[in-house]
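Visitor: Sequence:
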Amino acid sequence: MKRRLHDLGLGIRFALSGGREGWVRTLLTAVGVGLGVALLLGAASVPHLVDARANRIHDRQPFSPGSERNAGNLRASLLYATADTEYRDDTVGGKMLRPANADPVLPPGLTSIPAPGTMAVSPALRDLLDSPAGELLRQRLPYDITQTIGDAGLVEPSELYFYAGSATLSADTGASSAAGFGNIGDERPLDPMLVVLVILICVVLLMPVAIFIATAVRFGSEQRDRRLAALRLVGADARTTRWIAGGEALAGAVLGLAAGSLLFLGGAELIGPLGLWSFGFFPGDLRPVPWLALLVAVAVPALAVVVTLAALRSVVIEPLGVVRGGRTRRRRLWWRLAMPGVGVVLLFLSQNPDVQSAPLPLVPANIAIPLMDNLTPAFIATGATLVLAGLIALLPWLVEAVVGRLRGGSPAWQLAVRRLQLSSGTAARAVSGITVAVAGSVALQMYFVGIHDDFNKVTGADASRAQYTVLADYPDAKLAERMITSFRETPGVQKVIGSVSSYARLAGPVTDEDMRPVTQLTLGDCATLAELARIDSCKDGDTFVVHPSDDTELASWVDRTARPGKPVNTADFGDPQRLWTLPASARTVTARPDPTGKEQYGIYVTPGAIDISLLSSVAHTSAMLTVDQRVPDAAEHIRNTAAALSPQLRVNTVRTIERDQQYAGIQTGLQAASLATLGLIAASMLVSQLEQLRERRRLLAALVAFGTRRATMAGSVLWQTAVPVVLGIGLAVAGGLALGALMLRIIGKTITDWWLFLPLAGAGVVVILAVTLLSLPALWRLMRPDGLRTE
Numbered sequence: 001m002k003r004r005l006h007d008l009g010l011g012i013r014f015a016l017s018g019g020r021e022g023w024v025r026t027l028l029t030a031v032g033v034g035l036g037v038a039l040l041l042g043a044a045s046v047p048h049l050v051d052a053r054a055n056r057i058h059d060r061q062p063f064s065p066g067s068e069r070n071a072g073n074l075r076a077s078l079l080y081a082t083a084d085t086e087y088r089d090d091t092v093g094g095k096m097l098r099p100a101n102a103d104p105v106l107p108p109g110l111t112s113i114p115a116p117g118t119m120a121v122s123p124a125l126r127d128l129l130d131s132p133a134g135e136l137l138r139q140r141l142p143y144d145i146t147q148t149i150g151d152a153g154l155v156e157p158s159e160l161y162f163y164a165g166s167a168t169l170s171a172d173t174g175a176s177s178a179a180g181f182g183n184i185g186d187e188r189p190l191d192p193m194l195v196v197l198v199i200l201i202c203v204v205l206l207m208p209v210a211i212f213i214a215t216a217v218r219f220g221s222e223q224r225d226r227r228l229a230a231l232r233l234v235g236a237d238a239r240t241t242r243w244i245a246g247g248e249a250l251a252g253a254v255l256g257l258a259a260g261s262l263l264f265l266g267g268a269e270l271i272g273p274l275g276l277w278s279f280g281f282f283p284g285d286l287r288p289v290p291w292l293a294l295l296v297a298v299a300v301p302a303l304a305v306v307v308t309l310a311a312l313r314s315v316v317i318e319p320l321g322v323v324r325g326g327r328t329r330r331r332r333l334w335w336r337l338a339m340p341g342v343g344v345v346l347l348f349l350s351q352n353p354d355v356q357s358a359p360l361p362l363v364p365a366n367i368a369i370p371l372m373d374n375l376t377p378a379f380i381a382t383g384a385t386l387v388l389a390g391l392i393a394l395l396p397w398l399v400e401a402v403v404g405r406l407r408g409g410s411p412a413w414q415l416a417v418r419r420l421q422l423s424s425g426t427a428a429r430a431v432s433g434i435t436v437a438v439a440g441s442v443a444l445q446m447y448f449v450g451i452h453d454d455f456n457k458v459t460g461a462d463a464s465r466a467q468y469t470v471l472a473d474y475p476d477a478k479l480a481e482r483m484i485t486s487f488r489e490t491p492g493v494q495k496v497i498g499s500v501s502s503y504a505r506l507a508g509p510v511t512d513e514d515m516r517p518v519t520q521l522t523l524g525d526c527a528t529l530a531e532l533a534r535i536d537s538c539k540d541g542d543t544f545v546v547h548p549s550d551d552t553e554l555a556s557w558v559d560r561t562a563r564p565g566k567p568v569n570t571a572d573f574g575d576p577q578r579l580w581t582l583p584a585s586a587r588t589v590t591a592r593p594d595p596t597g598k599e600q601y602g603i604y605v606t607p608g609a610i611d612i613s614l615l616s617s618v619a620h621t622s623a624m625l626t627v628d629q630r631v632p633d634a635a636e637h638i639r640n641t642a643a644a645l646s647p648q649l650r651v652n653t654v655r656t657i658e659r660d661q662q663y664a665g666i667q668t669g670l671q672a673a674s675l676a677t678l679g680l681i682a683a684s685m686l687v688s689q690l691e692q693l694r695e696r697r698r699l700l701a702a703l704v705a706f707g708t709r710r711a712t713m714a715g716s717v718l719w720q721t722a723v724p725v726v727l728g729i730g731l732a733v734a735g736g737l738a739l740g741a742l743m744l745r746i747i748g749k750t751i752t753d754w755w756l757f758l759p760l761a762g763a764g765v766v767v768i769l770a771v772t773l774l775s776l777p778a779l780w781r782l783m784r785p786d787g788l789r790t791e
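Residue numbers for the sequence shown, in the working numbering: 1 to 791.
In short, the hints are calculated from the structure, not lab data.
Virtual Cβ for every residue (Gly too), placed ideally from N, Cα, C.
A hint or two may mislead.
Derived Cβ-Cβ restraints for the label pairs, each shown as a range [claimed, not checked]:
no., residue 1, residue 2, range
1, D84, A258, 24 to 32 Å
2, T656, W335, 49 to 57 Å
3, R287, R407, 50 to 58 Å
Could you put the whole structure together from the sequences, leaning on the hints where they help?
Guide: See below:
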């Protein structure tokens, strides 16, 4: 072992003192490894980043005096109300605050509670309000800015957030009491289908990184082999030269670790405040998990040495500068098929026994053997990794088998084919990253399509009848009237449907055994009620009993409470009865879906038929708005009107499809990570292509000196890239479809669109073409006559 360490040290010295060529080779390796290490450190930081964001969100969530979080029995010292809004495509979070005593609890990031008419804002919101782009938002938040929220009170640097002081906030206007901040709340566990998705994403995104690092440590291998032959002349045996070569690779890998760490830190400082796809972070939150960072620091240099030793096993290095490849043997196929085979078995063993398996083509559904009660992440991750690794192992065999049978063609084609026949392994390594990326992307896309309907629900809303809803979580008939009047005067609003909704129960004494009939009570003018039920005629003072359109059981339940001529109880549950008599003239009508797709049945009353004070305290005021989309910033005018009526009014967009937030969050994270991985793949292929051209500069210059046209040389480079790419993309599509089908089978889903791989395969081809075009300037430079010069 001591001798091997000495050999490694000697290789490190050669790498650092080998002249210009040695430095170029080492720097190329360092750049390649550094890019991969930066992404690995980013991946190792994800757990801490997720925890940090969750803690920031929890730290500013208020808890009530009766909450379990109130271990110190703190009294309510603050009233608050949520005042979130949207501006253009951005979410603006906020809260209205009012102290309940002389020493109120402070939200994180504040030094004091803003006085009435003032607010504290995040730096990003301050910049927006001060810019011309924030003019309409400034009208919505007409408070004087007196504070800037500190980092402790924000989730990310670019977050738009504010705290505004209020002198009128009360429980009657929807405010809540807070005894402190730091409410964890009940978090929904990640859906098992999303657990599988996250595992697949991690495997797909990290596999190309590992492949690139393994490829980068072999940069300059051909020149290195010829140089190592000189060591044989001074007495070094073959094993010693291999370990010296491992030391050279180790030097580049260690420099790459340092470069990757610096790139990671610099990238965090740059990207964090800017964000990707609305996902930003504080640079301090992006810290690698210690044991994962240690794993990267140990695994990358070890991988460099192991890959180099393995690569030199088939190279014979002799004295006097003679290097020749070992005897060409056909690559063995059995172990290359065994890897994905074992992966498939592990994925079958990951079958959730609670899920009915979806059939695969040519595979019996009952072949799965459920060994676990739940999905096993380790089996799924290992199985997917082996399937993708099997594709990498199959690619060199496939390239060798195909190019060995190619004959004839144009000079450019013949040059390319001959080069591939002499060194098919190098070509396969160059495209292995894009192969895995495309295969993983196909599998991910299949999985996303398979679970799409589970996390994207059709709401049944009719966006042609209303595009926005406005809601206040407290009853206020006058507010409802003002909402109708104000919104009708708002630019872009064509129609307003405003109402107050509460509950009414069957009158009479309540016993513990009695399930008291209850139904909804809706207050609105005739125009509003006509949008919610099929009413032929209506005037102020009318009342209606409204049945659901297709549920006789619910209709009979409504009739048990809504009995014309009989009283109903409108008080809160547990309060003394507050009786109101449903007029005997009440007509029975049928509900119709409102613009949000819901039916509101029960008792309908017009303002002249009931006193608003009789309604339950849990009532809420709402409006649905029809908007002329041709009016610029109509949505912002609506939100400004709502804020002027009451800062607590919530304005929501009527959506025909609702997306699960966990699903949407994972998809956003995937987009950001995919961009980084795709950039790495493109950079790795470009560096690899330039390195191969640099090694062949004497050969290229010699061919040009013999009269070979530059166009022929460019064509040969293109064909050398295109042939492995076509084979790699084909293998990736087949492997990706198989992996995607297996992953869907785990959760009992099937895929109906088997052609979704086309855009992904096309993207892979585009990346290859771009890399080839970017390498052409280097090709022209290397074909100059001075490339024949040697020292």
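Visitor: A separate judgement is required for each hint: does it hold in the structure or not?
Guide: Quick rundown of the hints versus the structure:
1. Take D84 and A258: their Cβ atoms lie about 44 Å apart, and the range 24 to 32 Å is violated.
2. At about 52 Å, the CB distance of T656 to W335 agrees with the hint of 49 to 57 Å.
3. Restraint check, R287 to R407: a C-beta distance of roughly 57 Å satisfies the suggested window 50 to 58 Å.
Of the numbered hints given earlier, the model fails hint 1 alone.
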